[in-house]
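2 protein chains.
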Amino acid sequence: MADEFTRIAKYFAPLAGEAGRGLLDDAAVFSPPKNRDLVLTTDQMLEGIHFLPNDAADLIARKLLRRNLSDLAAMAATPLSYLLTTALPPHIGDEWLAAFAAGLAQDQAEYNIRLIGGDSSSSQAHISLSATFIGHTAPGAAISRNGAQPGDDLWVTGTVGDAALGLQARLGKLFDPTGFLTQRSLLPSPRINLPLAGIARAAIDISDGLIQDLGHMCQGAGLAATVHAALIPTSPAAAAQGSKTLESRLTGGDDYELLLAVPPAQEPALRAACGSVQITKIGFFSPGPPGAKILDSDGNSLIFKKTGWQHF
Amino acid sequence: MADEFTRIAKYFAPLAGEAGRGLLDDAAVFSPPKNRDLVLTTDQMLEGIHFLPNDAADLIARKLLRRNLSDLAAMAATPLSYLLTTALPPHIGDEWLAAFAAGLAQDQAEYNIRLIGGDSSSSQAHISLSATFIGHTAPGAAISRNGAQPGDDLWVTGTVGDAALGLQARLGKLFDPTGFLTQRSLLPSPRINLPLAGIARAAIDISDGLIQDLGHMCQGAGLAATVHAALIPTSPAAAAQGSKTLESRLTGGDDYELLLAVPPAQEPALRAACGSVQITKIGFFSPGPPGAKILDSDGNSLIFKKTGWQHF
Chain A
159 MADEFTRIAK
169 YFAPLAGEAG
179 RGLLDDAAVF
189 SPPKNRDLVL
199 TTDQMLEGIH
209 FLPNDAADLI
219 ARKLLRRNLS
229 DLAAMAATPL
239 SYLLTTALPP
249 HIGDEWLAAF
259 AAGLAQDQAE
269 YNIRLIGGDS
279 SSSQAHISLS
289 ATFIGHTAPG
299 AAISRNGAQP
309 GDDLWVTGTV
319 GDAALGLQAR
329 LGKLFDPTGF
339 LTQRSLLPSP
349 RINLPLAGIA
359 RAAIDISDGL
369 IQDLGHMCQG
379 AGLAATVHAA
389 LIPTSPAAAA
399 QGSKTLESRL
409 TGGDDYELLL
419 AVPPAQEPAL
429 RAACGSVQIT
439 KIGFFSPGPP
449 GAKILDSDGN
459 SLIFKKTGWQ
469 HF
Chain B
159 MADEFTRIAK
169 YFAPLAGEAG
179 RGLLDDAAVF
189 SPPKNRDLVL
199 TTDQMLEGIH
209 FLPNDAADLI
219 ARKLLRRNLS
229 DLAAMAATPL
239 SYLLTTALPP
249 HIGDEWLAAF
259 AAGLAQDQAE
269 YNIRLIGGDS
279 SSSQAHISLS
289 ATFIGHTAPG
299 AAISRNGAQP
309 GDDLWVTGTV
319 GDAALGLQAR
329 LGKLFDPTGF
339 LTQRSLLPSP
349 RINLPLAGIA
359 RAAIDISDGL
369 IQDLGHMCQG
379 AGLAATVHAA
389 LIPTSPAAAA
399 QGSKTLESRL
409 TGGDDYELLL
419 AVPPAQEPAL
429 RAACGSVQIT
439 KIGFFSPGPP
449 GAKILDSDGN
459 SLIFKKTGWQ
469 HF
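Chains A and B, in that order, are what the protein sequence lines are. In short: position in the first sequence from 1, add 158, done, that's the working numbering. In short: position in the second sequence from 1, add 158, done, that's the working numbering.
If we strip away everything but chain A, and leave its shape as in the complex, we get (with noise of 0.2 Å):
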């Protein structure tokens, strides 16, 4: 087993950007991008709670980066660099250290950012990673998820609830032939790099489940949103489980879909910035006591029995 030193040397060192100064000193430093705002947050991804002791290193690691990608998405930040920490049990070799930082590295890839920093130590049991992110926008254009306004639509991209049936394919509680579900579970597709400043008022990113992260909205607009469950976007794969699987759908996490408070007459400018990303109208904000009420096809309220993926 090699050390703390020759692991960061080895495995993390050639992931890290300039600012990162080679992962040899106490910090990172960089010159932020000028008149820019910068946008930071953390995520966590912990085995057991957010990971399967089995998963792929290179899928965790690549989901841990998306997780936080998906956070910038929301605020239609365009994605600079981040910080890694890793709490690893003894048992964690060189195998899955060369999988987790190539998982890494071909997300850098993908989405142009660096590792600039981090922190490893050793874990008694369990693997525990985070990662922080810095971003940046517009002065001001950072899209807030307490914005939504009276009359506003709400929108969804892509496909809601295919991560939570994934979930389930996953521990063998569902049969997903076509391993597109369980794919969603593994490798959601953060929305980055949207052009949706100026044209969402809100944003939040539905990583706790549509029902839950939509209260968000709601709570911090102080508004109600109505949702008709039949306008929600379904892959084939969901919909082939049957409509037994709703609640599970909408209060599964890990859709990393963007939930968008829009203006009706940006409808037209939400179209264009979303390019070949689908995006569908599920809904509206109105006056009322906060909350989402989700009505059937006959109008009718759905009540269900949890709202969302919480950590206590």
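In short, the hints are calculated from the structure, not lab data. C-beta: ideal position from N, C-alpha, C; glycine also. Some hints could be false.
Looking from chain A toward chain B, a few residues come up when the C-beta cut is under 7 Å (computed) [as the list claims (entries may be wrong)]: (1) Asp195; (2) Leu198; (3) Ile207; (4) Glu253; (5) Asp277; (6) Ser286; (7) Ala300; (8) Leu329.
Using the hints provided, position chain B relative to the given structure of chain A.
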């Protein structure tokens, strides 16, 4: 047990600075200080690795902040704000959280820093914490650990080895009648805000033990360092433990004092910059195979079994 969002609102949102948006958004947003370099560092603290299960929550919080502040101190950076991740097992309740938040609040005031974001999760069994700190310096003024030149003197702040002995006291292996050593282990004093730019050519904080961290300075500069053991500043409490503790004191971690490479002509400026902070010349850098040599009072090299704290 309060849920994740209630906990954030109750314990962490009151600690948030403006950039943190009440911890209610997907990310922090701020306009970086004009014409400054940004300095970023991250450090974690894990139960059973970096602290003991029964350590007081407020001291754990403060040490987490201070470990990171020490990294900023080693770059001569001014601290600005931080992001926090917590992973807490189910048995952690309101009492622990209240004490933890109180510790954060105390050191936020002490060091004039603000919480601006974070992530909270459950964990299976152990507490896992990390913080990412943002600081700033004048452009190009961050001090690297690699900049020592032949002929530079080696200086160290404070006293060395107290925390290593304090850890032994906390484990019941050593009698610490005054409690001084224990306190130095539980609550380090990062040497933040010393105006060392233009005075020190290299700096590192002693987190892994003097010998190991000095070794990093030597490797980075491609130089040898010679240290006279008798010159290494020792607190009265550490001295009372006798000379047999020398190896522990020089290889134990958690001192969070600074090692500095300073040209001899800068000694008056160094003393002025350090003000009331104790500063001691303990050796010098010279051409030679990169590495640290510790000499006893007869001029013989001391050989130790281990060089410092490492994670695997």
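Hints, verified against the model:
| no. | hint | verdict |
| --- | --- | --- |
| 1 | Asp195 | 5 Å, holds |
| 2 | Leu198 | 5 Å, holds |
| 3 | Ile207 | 6 Å, holds |
| 4 | Glu253 | 16 Å, violated |
| 5 | Asp277 | 5 Å, holds |
| 6 | Ser286 | 5 Å, holds |
| 7 | Ala300 | 4 Å, holds |
| 8 | Leu329 | 16 Å, violated |
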